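Assemble the whole structure, with the sequences as input and the hints as a guide.
One letter stands for each residue in the lines below.
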Amino acid sequence: MAKQLIVNPAPHAHSGDSVRKNMLNVIIALVPAFAVSLWAFGWGALMVTATSVAACVLFEWLIAKYIMKQQPTICDLSAVLTGLLLAFNLPSNMPLWIVIIGALVAIGVGKMTFGGLGQNPFNPALVGRVFLLISFPVQMTTWPRPLGFASAMPFVDAETGATPLAAMKEAIKAGDAGLLDKLPDLWDMAIGMIGGSFGEISAIALVIGGIYLLCTKTITWHIPVSILCTVALVSGIFYLTIPGAAAPQYHLLTGGLLLGAIFMATDYVTSPMTPWGQIIYGIGIGVIVVVIRTWGAYPEGVSFAILIMNAVTPLLNMYIRPKRFGEKKKA
Amino acid sequence: MKTFRIGGVHPQDNKSYSANQPIVECPLPKHAIVPLVQHIGAPTQPVVAVGDKVKVGQLIAKAGGFVSANVHAPVSGKVTKIEETIDAYGAKMPAIFIDVEGDEWMPGIDRTPNVVRECNLEPKAIIDKIADAGIVGLGGACFPTHVKLLPPPGKKADVLIVNGVECEPYLTCDHQLMLEHGEEIMIGIQLLMKALGVKRAIIGIEKNKPDAIKRMQELASRSLGVEVKPLKLKYPQGGEKQLIDALIGRQVPSGALPIEVGAVVDNVATIYAIYEAVMKNKPLVSRVMTITGKSAKKAGNYLVRFGTPLQEVIDFAGGVPEDTGKIICGGPMMGRAMNSLDMPAHKRTSGILFMPEAESNRVEPQNCIRCGKCVQACPMGLEPYLLSKLSAYDKIEELEKRDIMDCIDCGCCVFTCPSHRPLLDYIRPGKAKVGAAIRARQAEQKK
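Residue numbers (our numbering), protein chains in the order written: chain A, 287 to 617; chain B, 8 to 454.
Treat the hints as calculated values from the structure; they're not laboratory data. From a predicted model like this one, the values you see are computed outputs, not experimental measurements. Just so it is clear, CB atoms sit at the ideal spot from N, CA and C, and this is done for glycine as well. Check before you lean on any hint, since a few could be wrong.
Unchecked claim - Per label pair, the in silico range of CB-to-CB distance:
#: 1; chain 1: B; residue 1: Glu187; chain 2: A; residue 2: Arg306; range: 43 to 49 Å
#: 2; chain 1: A; residue 1: Arg306; chain 2: B; residue 2: Lys88; range: 52 to 58 Å
#: 3; chain 1: B; residue 1: Ala450; chain 2: A; residue 2: Glu613; range: 26 to 32 Å
#: 4; chain 1: A; residue 1: Cys501; chain 2: B; residue 2: Lys37; range: 55 to 61 Å
#: 5; chain 1: A; residue 1: Leu519; chain 2: B; residue 2: Ser302; range: 54 to 60 Å
This is the structure we're talking about:
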């Protein structure tokens, strides 16, 4: 035979899955939430997102090419996703230079320092966000009121308001459930007519994205379900026992909980590999979220909770094994 | 509909190219090369000398131990040499070379298509006949069949599992065999049930072969204790342990054989060979092979005499397609890519698959993104990402603790990896090293 045959070890077939496809699926799943934030916050949301994504991609490219001297891997879309998730965790009236600093910390410190894709122990977008939260607390906690279609006109949003979580914090500090009357009604929370980081406001849009991720098998149910159930359970117990604590439905619908549970905690790189590891990780996040929201210095605790459990992930991978075939059930 | 409980993947089955193609007999070669090792276990000892005339079905190499299988002359003619040759993967293999003269069979072998149903043999006699005929598992592992039928003391089989799954994509030889020789397979099942002393046999067939399910169900309705269970499509359902789990919900423990849970598994092609050996005195000298591929010219199922060089088989089946980049012996999940076609067909060659050049090369791997899809896909419940990393660093003890020896080489982890990481390339040598360490330790303990 004249032609040289190609020889390589089995298997000779592949599912066709790729890093890029998975990242793209997550990006698609974020579209509904992005659409709601455009509607609610208008121009500001678009500017923050575009800046964040562009900065993340640019920093990854620069660092890979000139510092790490590697072939840049921006085509896998992971930097785009980091940029999107970072933006979704910011208020829509954020000064753009702060957004760029956040992107530099997210990609530079959060991801590339550890060797790039797959090597980082912490979720890069959250590293960026927490850095900004600590460095620029005023800008990070001043939220424009969502204006609906009125906001389509550029740069008119000026009025700022407290988030529901801040109101909840006040109530529990005072031990007075009466202060909870200031909370917006549940329907406004579900569709997104509340203050907050712009990507986290609409529960319905985030859940639609989550269902898309489950259907495309990009993520499994273990992490989001265990986080949400734990939050509901723990906040339910607190609601019944601590005066001034908000009801579980407020915990579930406010702040970054759904965004965190569906999109941030499920980040492949920083979450455990095995189903039981993922469930324990989710329970840990759920407990920490409610504890921070109830007693912590910040009104919101999702970012911290996820980062803390990111640190526990290697241990969970080490000790929680999948069920082996033929393993006897423990009596 | 049932399937196994842990992991698994869904490759495209690609069976349409050769499905339902009637089995065609491939012409005899002029020169046959008969490997002396066509099974797992001890090598065989040749019992013929250069210059001897042999007839088809004559014993030419004797089993070299209990776990070993006889080799019979697949052609008639003159032995020209007995020496080492290079197989298609570049490894050395001893073989008997025969110049073919005519097609003269040993007396006593029934070559008529008549179906023989009556059998008065005792279980022991059935097993002896199977051992004499050199029958090995034709599903791919090539484990000598008679060994499975003689369980170690204290163990007893209560069910015969018949493997008609054929979960490897592209391959259709077992499917076609069930359609054309279902009756003989059913008699073979009865023989095995008698040999094992079991009252129950279950045939597992994946639902992408509805005609085979229907045919076997028809036949099973007339046989006492035999039932057909259609199975959901999932790879690697034809794996012994996975099939037992899917059909009777028992999981064979780590390191143990199916007999531990009272099951014996045999492939339909093996059972057909058992029928021929016991009822027609015909030793294992040929098998059905699938020759296929997206651009194969005459994709189909061929009855090939062992010793026929694969080049001749392929020429008969329309030749190598123009766009071929890789030729695989077996299916795409577990088959091996060959570097030459001089290798003969033997007991292990279940198919030849032509892969177009565009699909032949691997994709550049990316960093592991720790998505855990390999863990989800592993049918043995292992952690392939971890095993590959530990193997790369030669962490033998840790590998053993992480149960690397349970790996069945199915390739689900590599198939599913979004980063295209060649996990098995690391795991295989790791497994070999752990295996060697375990054997060394056992030898030490014996002293």
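Hint-by-hint comparison with the structure:
{"no.": "1", "hint": "B/Glu187 <-> A/Arg306: 43 to 49 Å", "in the structure": "holds (46 Å)"}
{"no.": "2", "hint": "A/Arg306 <-> B/Lys88: 52 to 58 Å", "in the structure": "holds (55 Å)"}
{"no.": "3", "hint": "B/Ala450 <-> A/Glu613: 26 to 32 Å", "in the structure": "holds (28 Å)"}
{"no.": "4", "hint": "A/Cys501 <-> B/Lys37: 55 to 61 Å", "in the structure": "holds (58 Å)"}
{"no.": "5", "hint": "A/Leu519 <-> B/Ser302: 54 to 60 Å", "in the structure": "holds (58 Å)"}
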